[in-house]
Amino acid sequence: MSHMASGTINQYIQFVERVFRTCQGETLARLVSLRDEHVGNRNLRSSDIATLVEGNCVAPLDEIIIAHLSCVKALYMKDYEEAYEHQTTCVACVVRLIQAQQGENWNLPLLYTVSLDLRLVALKAEAAYPSNGKILEKAADSLLAGFRVCVGDTRTNEPYSKKIGMLTIVNQLLKVYFYINKIHLCKPLIRAIDSTNLKEPFPLAQRITYKYFVGRKAMFDSDYRAADEHLSFAFQNCHRKSIKNKKQILTYLVPVKMLLGYMPTKRVVCKYDLALFWDLACAVKNGNLRGIDQVMEEHESFFIQAGIYLIVEKLKISAYRNLFRRVYLAENSHQIDIASFQAALQIMGHDDVDADETQCIVANLIYDGKIKGYISYQHQKVVVSKQSAFPPLTTLC
Amino acid sequence: MSYFDFFCNNNDKSKPDNSEKIQGTCYSMCPQAEVTLRERENLVHVLEVAGGTRKLVKSYSRSAADSNMAVPHLLRPYRVLKDTVQYLLRDVIKRKGVSSLVLYDFLNDRLRAVRQDMTIQRLPPGECACLLEPMVRFYVYFGYKFSNLKPGDFDQVLNKKYLLESLKWFLYCCDSMDQSSKVEEVDVLNSFMSNLDISKRNPSYDRVLMESLYILCNLDDIHPLMRYLGLPKELKSNLTLELAYKIAIANWKRNYIFVCSVIKKLCPLSFCALSSYLPTIQRQALRVMSHGYSSKQLTVPVATVRQWLHFTSDDEALSVCRHYGLKTEERRVRFCKTDFKTDVPLHQVEKHFRHEEKLNLQDMDVIFITCQ
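Those protein sequence lines, which keep their order, are chains D and Y. Under UniProt numbering, the residues of the first sequence are numbered 1 to 397, in order. Under UniProt numbering, the residues of the second sequence are numbered 1 to 372, in order.
Chain Y with its partners taken away, still in its complex shape:
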């Protein structure tokens, strides 16, 4: 059972009485027991040592049948969890001298531990949303950054699993907050008061970005679109979110020209999310074009193909066309529906360095942390 299901179940059960809730009492990022254990067993991570000082962060451990994890002094309350997430994604992420894969593994492990603490303590949806939002950003970013690595070095599937776990959990939190505010609105005065409450209207997380990422990370799935259609009007009409929806619809209709032309307009993280689908979009487009422009004599200039399908260079476009069995001559591509090979594996793309200056780890604050 994923954390998400666990959370949903508990959320239901906990409604009638909150008295059985466990409140963490560990006020440091790592419980003392774990510090002692790990120092004794030499299990301190290189990223937990800075200069001469050690700064340990609670690591993830599977729940086993014989261990009781619901112990208050091992659990960190919301405040501490929030500081932990900020520390990890604001300070540790900038550390130099370790490979980025080591960095990813470390951060992923510690963030999982944060989610575990959230689950056990059954934190309210508002707090969960604040903690989950930066995690979603983290997984989207690294999914893109490591998109060219071999499966042995970096597991895209696992990364996507964590991403969806965090993202769906976040959206679930938003839904339950929407629902409770709807119930409140029955009381007119109450709703009037909540309108006055500015903090409630401006939560410290970017809901629009998260909703957009949900669509863009699942371009091959129809469910995010259904979700979008059911959202409240004021969210739906937000331009960023509407663009994500339009991209997904265009992709659904195989309108590759539209999809590839708006890539430039996306914010760095949305761009990262869409990038993972770029090879699929390009293959589909080449297939459609090999029917649409099918001819024994006629050709299309490769510069056009590059521009239409957002290839980084003419050479890349040419080699991808050849990969799918299409004939190329000089700087032109000859499309022919019988040449297109459907049985070859998906091509790899060279990474686009569009947002590379923005996606530089040194000023990641903009990308990772919005909650204050």
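If we strip away everything but chain D, and leave its shape as in the complex, we get:
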């Protein structure tokens, strides 16, 4: 297709028409992609695209080509808002085209490409004219139209059904919703995917992306077991050379695993340039509250941006458990003074904790099943069970 990098607008139109007639989905998708070589072709950036294309091209394709080339032109002019408008039109036209072609799905790559491009252009527009995510929210509405066409294709039998395209569009939508922090909107999409029953599985790459987002959502809903399951799938199946993606998955998988009691090895976190998790893991293991605070302070913006600041905050509870276990081992007794726990908390960085708050922390650990025993208020002591007073975190749910 490199010849499209030069050549006239008429040649381009003829080529698009031929590819369309011969049902070459992938090639057609590249021809309306904003990430293809033809975008650099000056001949396609004429001053009056509409008049050149109109009447020169068969019906549903002309609108798409006009919208696409207008978008390219606007991008060169750095007018992102206008580019966004054109790309929105382009998506709407493609959705209409695909909906009209019943009983076939070779055209899905076209929908994937324009949908992905819409998200990228929307991001550009949002960066140029901040709107608190409103532009991306509208982009999501355009994407939803494509999603509906895929979901609604129930009549066509399987290898030709557009249902197979659902997941790719859903992933685009999930990306948008996570970006604009509207995570509650993901729920109906996830339900739609989970209830779809196709003989042929969705493409692996899309499944990985999907699991990554579903895992993050579960994490957000404090369902850490499910989060572990989804994120682990994503991490294990992700291509081993996609270091960047693997790092991204680990950013969430490691804290989730830590909450469930599995500490990362130094080798893994260093391999993916996430050494801060090693510092964090050490602090949690040692019950070093001050250490956790230091890591949180130092990497505050990273944690906040990734949306895991509050999860890290929650790791302090595991740190309490580990600290109290150390006190218990050192005292070598089943009856431990509240004062010993209080002193340990103070040494480790909780300077202003009093006996009442110490009891409260212990009571919560007992409530969660992280300590087996009870507090005696009268004696100001914690009495722990003779057997497995501190059951391993990995055995709790």
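These aren't lab readings, by the way, just hints derived from the structure by calculation. The model shown is predicted, which means the values in this text are computed figures rather than measured ones. Hints are not guaranteed to be accurate.
Stated by the list, open to error - Computed cross-link-like contacts, DSS-like style, restricted to lysine-lysine with a CA-CA straight-line distance of at most 30 Å:
#, chain 1, residue 1, chain 2, residue 2
1, Y, Lys246, Y, Lys296
2, D, Lys285, D, Lys372
3, D, Lys187, Y, Lys337
4, D, Lys138, D, Lys182
5, D, Lys244, D, Lys285
6, Y, Lys341, D, Lys381
7, D, Lys175, Y, Lys168
8, Y, Lys168, D, Lys285
9, D, Lys199, D, Lys124
10, Y, Lys145, Y, Lys246
11, Y, Lys327, Y, Lys236
12, D, Lys386, Y, Lys341
13, Y, Lys168, Y, Lys296
14, Y, Lys253, D, Lys182
15, D, Lys372, Y, Lys233
16, D, Lys314, Y, Lys264
17, D, Lys386, Y, Lys296
18, Y, Lys168, D, Lys381
19, D, Lys175, Y, Lys264
20, D, Lys187, D, Lys285
21, Y, Lys168, D, Lys314
22, D, Lys134, Y, Lys233
23, D, Lys381, Y, Lys21
24, Y, Lys161, D, Lys187
25, Y, Lys161, D, Lys381
26, Y, Lys160, Y, Lys296
27, Y, Lys168, D, Lys134
28, Y, Lys160, D, Lys314
29, Y, Lys21, D, Lys124
30, D, Lys138, Y, Lys264
31, D, Lys314, Y, Lys21
32, Y, Lys337, D, Lys386
33, Y, Lys264, D, Lys372
34, D, Lys285, D, Lys314
35, Y, Lys160, D, Lys138
Stated by the list, open to error - Some, not all, of what chain D presents toward chain Y, calculated at C-beta under 10 Å:
#, residue
36, Ser222
37, Ser232
38, Gln236
39, Asn237
40, His239
We put the beta carbon where it would ideally sit given N, CA and C, even for glycine.
For chain D, the structure is supplied; the task is to place chain Y on it using the hints.
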């Protein structure tokens, strides 16, 4: 669609050209047409009559398909809206001789009408923020004041809805102002000039209080915490706001001792906001304690429970413990994890009169009006 969404949508649409904006031309608190109508139909509220004079305030009416509300002479411009809010929350609120429920219904209705006028005229964020801030205070205060009333008399859910509508709208206004000032800062000189502009730095509303209330009114929700984390540094490090965040985090970790111990440090309105969560916090705490102190023999003195969980009296603490199935003897509570009943409804608390002297309607100016 709530006003808030409507406002957001319009705010976006109105950006390219402001020419289609509607500018109100009604320079009294109530349009003449409505005055005539209501006087004819005997619809003048008792609170609109003071002494011998009548002072009507535009009342709320739903937008219907056949009525056009975007008529300039029916809409009040910003100045008039501001005076209206001040009149309502500074003068009318002190009126005696009517029950406070009637007073609330009246004020709520008139404030809704103010928000409606704001929406239709698409007032700029700075003006919206000034008008909304006292409304938020109003809803927080009355949510607390009426916390013991039956649902038939006072609808907490509806009050919370209005509260969140006003509060989120206010925060949205702040965000869009932050954003536009960020764009300006690209121009170094411009940002230097805006630093000099004192009025811009000291707006006539209490942003910190509003951000704190957003956290404290939504203790069971994680979103306000995420919002807090994303705020600019200088706001985040404000002690009042930081305290609200710490309370929410402590509550999240079920650290009831911390939450209940700082209640005393809160300002009256923050206290009102937190109060509505007190029963939930107490129930959760008793549940945790029934596991932590679980024993067939041992007990905890009720005075301790009262002090830890901010009960008003020992007797209240005892009756709440019994309500959840815990055994009490003399002045002591026996915690046992199998006794705790999870299927009983949430207990009602007696109201705390901590700030009652401050929350007296007679000197409400401090609480309601900061904008001048």
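Is lysine 160 of chain Y close enough to lysine 138 of chain D, meaning Cα to Cα at most 30 Å?
This hinted pair holds, its Cα atoms lying about 29 Å apart.
Satisfaction of hint between lysine 264 of chain Y and lysine 314 of chain D, Cα-Cα up to 30 Å:
holds, 26 Å
Verify the proposed pairing of lysine 386 of chain D with lysine 341 of chain Y, using a straight-line Cα cut of 30 Å.
Given that 30 Å is the threshold and the Cα spacing comes to 28 Å, the pair holds.
Hint check: is the beta carbon of serine 222 of chain D less than 10 Å from a beta carbon of chain Y?
holds, 9 Å
With a cut-off of 30 Å on the C-alpha distance, tell me whether lysine 160 of chain Y and lysine 296 of chain Y pass.
violated, 42 Å
Has the given pair, lysine 386 of chain D with lysine 296 of chain Y, been kept, meaning a C-alpha gap of at most 30 Å?
holds, 18 Å
Are the Cα positions of lysine 285 of chain D and lysine 372 of chain D separated by 30 Å at most?
Between lysine 285 of chain D and lysine 372 of chain D the Cα gap is close to 19 Å, so the pair holds against 30 Å.
Are lysine 246 of chain Y and lysine 296 of chain Y close enough, with their CA atoms no more than 30 Å apart?
violated, 35 Å
Below or equal to 30 Å on CA atoms is what counts here, so check lysine 160 of chain Y against lysine 314 of chain D.
holds, 29 Å
Does the structure keep lysine 285 of chain D and lysine 314 of chain D at a Cα separation of 30 Å or less?
Answer holds: lysine 285 of chain D to lysine 314 of chain D is near 14 Å, not above 30 Å.
Given the hint that lysine 175 of chain D pairs with lysine 168 of chain Y, test it: the Cα-Cα distance must not exceed 30 Å.
holds, 25 Å
Can the restraint linking lysine 138 of chain D and lysine 264 of chain Y be considered satisfied, given a maximum Cα separation of 30 Å?
violated, 46 Å
In this structure, the hints that do not hold are numbers 1, 3, 8, 9, 11, 13, 15, 18, 19, 20, 23, 25, 26, 30, 31, 33, 37, 38, 39, 40, in rising order.
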